[in-house]
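J.: Take a look at the letters that make up each chain.
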Amino acid sequence: MESMEARQIDRSHMQVSDEVAIQISSMNKWYGQFHVLRDIDMTVRRGERIVVCGPSGSGKSTLIRCINRLEEHQSGQIIVDGTELSSDLKNIDKVRSEVGMVFQHFNLFPHLTILENCTLAPIWVRKVPKKEAEETAMHYLTKVKIPEQAHKYPGQLSGGQQQRVAIARSLCMKPRIMLFDEPTSALDPEMIKEVLDTMIQLAEEGMTMICVTHEMGFAQAVANRVIFMDQGQIVEQNEPREFFNNPQSERTKLFLSQILGH
Amino acid sequence: MGDRNASYVRTEMMEPQAPPITEVGAIRWVRENLFDGVLSSVLTVLALLAIAFLLHELGPWLLNSVWNAHSLTQCREILQGEPGACWGVINDRWAQLLFGFYPSTLYWRPVLALVLLFVALAPVLFPSAPRGLIWFTLAYPFVAFWLIWGGSIWLPISVALGFGIGYATLLATSRLGLLISTIAAVVVPVLYWLLFSGDVAGGLASALPLEIRAVPSREFGGFMISIIIGVTGIALSLPLGILLALGRRSNMPLIKVIAVVFIEFIRGVPLITLLFTASLLLNYFLPPGTNFDLILRVIIMVTLFASAYMAEVIRGGLAALPRGQFEAADALGLDYWKAQRLIVMPQALKISIPGIVNTFIGLFKDTTLVVFIGLLDPIGLASAIRANSDWQGIYWELFIFIGAIFWIFCFGMSRYSMHLERRLKTDHR
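Protein sequences, first through last, are from chains S and L. Counted the way our numbering counts, the first sequence spans residues 1 to 262. Counted the way our numbering counts, the second sequence spans residues 1001 to 1429.
Just so you know, these hints were derived from the structure itself, not from any lab. Glycine is no exception: its CB is placed at the ideal position from the N, C-alpha and C atoms. Some hints here could point you the wrong way.
Unchecked claim - Taking lysine-lysine pairs in the DSS-like style, the calculated list, with each CA pair at most 30 Å apart, reads:
| no. | chain 1 | residue 1 | chain 2 | residue 2 |
| --- | --- | --- | --- | --- |
| 1 | S | 127 | L | 1350 |
| 2 | L | 1425 | S | 152 |
| 3 | L | 1338 | S | 174 |
| 4 | L | 1425 | S | 130 |
| 5 | L | 1365 | S | 127 |
| 6 | S | 90 | L | 1338 |
Unchecked claim - A short list of chain S residues far from chain L (calculated; beta carbon distances all over 10 Å):
| no. | residue |
| --- | --- |
| 7 | 34 |
| 8 | 41 |
| 9 | 93 |
| 10 | 121 |
| 11 | 169 |
| 12 | 191 |
Please model the entire structure based on the sequences and the hints provided.
T.: Here is the structure:
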């Protein structure tokens, strides 16, 4: 947490507009008999930086994976940027190309170079000319501070570098919303900071972000809203200061005491 | 570091030093590999004895080889009772072993087809080959067919036209959705081939006759037949195997059932049964009078057989890919076929290279089974050559020659696959 406070955060572009980016209403999901997500209602406005936390198995990853339909929901409604997610493949592809996603295990393509990882989707999905895609890729690689690694393969990079490439790869699609699924959980402590710094930078530019993370320092520094989930339900949500200093539910208090206590 | 005193600070870093003399060079190699303990030493001595015995037995036979003879009797006269190999049979009958009964004045045609095969393979096998050659690779099957079987040039062209029609259909119907356009792109060309391609070829031939001498399939034989069946089977079984593997993992129940039934049926039946089906049973099912080339029927059966194995090999590669790769491709908005082509297949096929090449080599050697349905592959020709009174009783030399040629092809494939594995190794694990 100390590392976050050391950095001065520029809040001039962090503005939440009235425009709705994601609207989830009475959404339910089951894995077989298991009710993973129960009656989720959630509105995300453009420019919001939301941190989702909760104990493991609480459904937080499943929730953000529903937003780009890596998981299918069985009832309720999810509307992303005005497009409703249904079994219509066209809508799914449209949403996916507008929503960037960063995974816990990076999921870079090991058979392609860093640059190719970044240009693949723009070229094949957005039909951007190769040269232009490469320029964009280099721009974002510079932004995540690894332009010199562009011609290496993912296997040659450290975990932190790989995760930054994964962020750059998503940004190359110029997404309007970014989803982060425990982006620092698989990293060594030394590398967590470099990835969080990249995410803070993104937040400073006004990106709409939903992050599943246990980095409470990050939540306090950049989030405008923290959502606590347990047993597939949203138990509590609040702006970070209130959430951490004055939690309402017993479940939240217990969770916070466990995660912040050590 | 003393046990009693837990505090320790290194003041100077140690430089790397050379290993002891017994740990380097030839001495180390001999010690580690040949005389590492009693068992190892005994085995080394036994192996040396076995090699000496083989050399003693086979050496004179090979050293006394006779290369110029026109019959086994002549060989025996030259050898005068000494042991010796009679390679004269290869010298005398090599053309037959390679081409069967193909007209000898036309040998240049299959030879040219073989040379062009390597040209056509270059852009597929080596990334350094000029990219433009890929067009020649696409045209090659038709060029090779025309060179080997001869006849009117319009027949292969009218068949090739079907693929063009298929592609055009795919483009024209692409707006109707992936499933519909894929089905249309298969059905339209098949209809064309069944109903119109013959007339198209005939019409073009009467307008502008371009013909070379036709050679019927029954005159084919020897390694030419093995290579035709082997290469076509290999080239077709890989894409078919990929489709079957994808089908077996598909979420669509119908496609999955078709793939599973096909794979399990074909894998559960001996190849020889399928070959007999091709040569005998198909005649009952086809309308009377249809002239469906036997070699073509065999190629179809061999391809189906190999593709069932191929599908399972590739399914293994697909299963080895982490789920995250599929998810990352999805999350970037790639559609199913793009994700397969750009992300999934390059990795799954790389993982499956040893298994794929295994299947290729198996397929190539299995082509010798066609001898049972009366095609004169090299083994069949060996019997035919022995049936001649000149070479009655000659076994070893023919089989060694045939084995050696097969070995060269299979070893080549094996080496290439190892090269490919090294070239594609980018994961730096």
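J.: Now, for every hint given, state plainly whether the structure supports it.
T.: Tested hints:
{"no.": "1", "hint": "S:127 with L:1350", "in the structure": "holds, 27 Å"}
{"no.": "2", "hint": "L:1425 with S:152", "in the structure": "holds, 13 Å"}
{"no.": "3", "hint": "L:1338 with S:174", "in the structure": "holds, 20 Å"}
{"no.": "4", "hint": "L:1425 with S:130", "in the structure": "holds, 25 Å"}
{"no.": "5", "hint": "L:1365 with S:127", "in the structure": "violated, 45 Å"}
{"no.": "6", "hint": "S:90 with L:1338", "in the structure": "holds, 14 Å"}
{"no.": "7", "hint": "34", "in the structure": "holds, 19 Å"}
{"no.": "8", "hint": "41", "in the structure": "holds, 24 Å"}
{"no.": "9", "hint": "93", "in the structure": "violated, 5 Å"}
{"no.": "10", "hint": "121", "in the structure": "violated, 4 Å"}
{"no.": "11", "hint": "169", "in the structure": "violated, 8 Å"}
{"no.": "12", "hint": "191", "in the structure": "holds, 18 Å"}
Violation of the numbered hints given earlier is confined to hints 5, 9, 10, 11; the remaining hints are satisfied by the structure.
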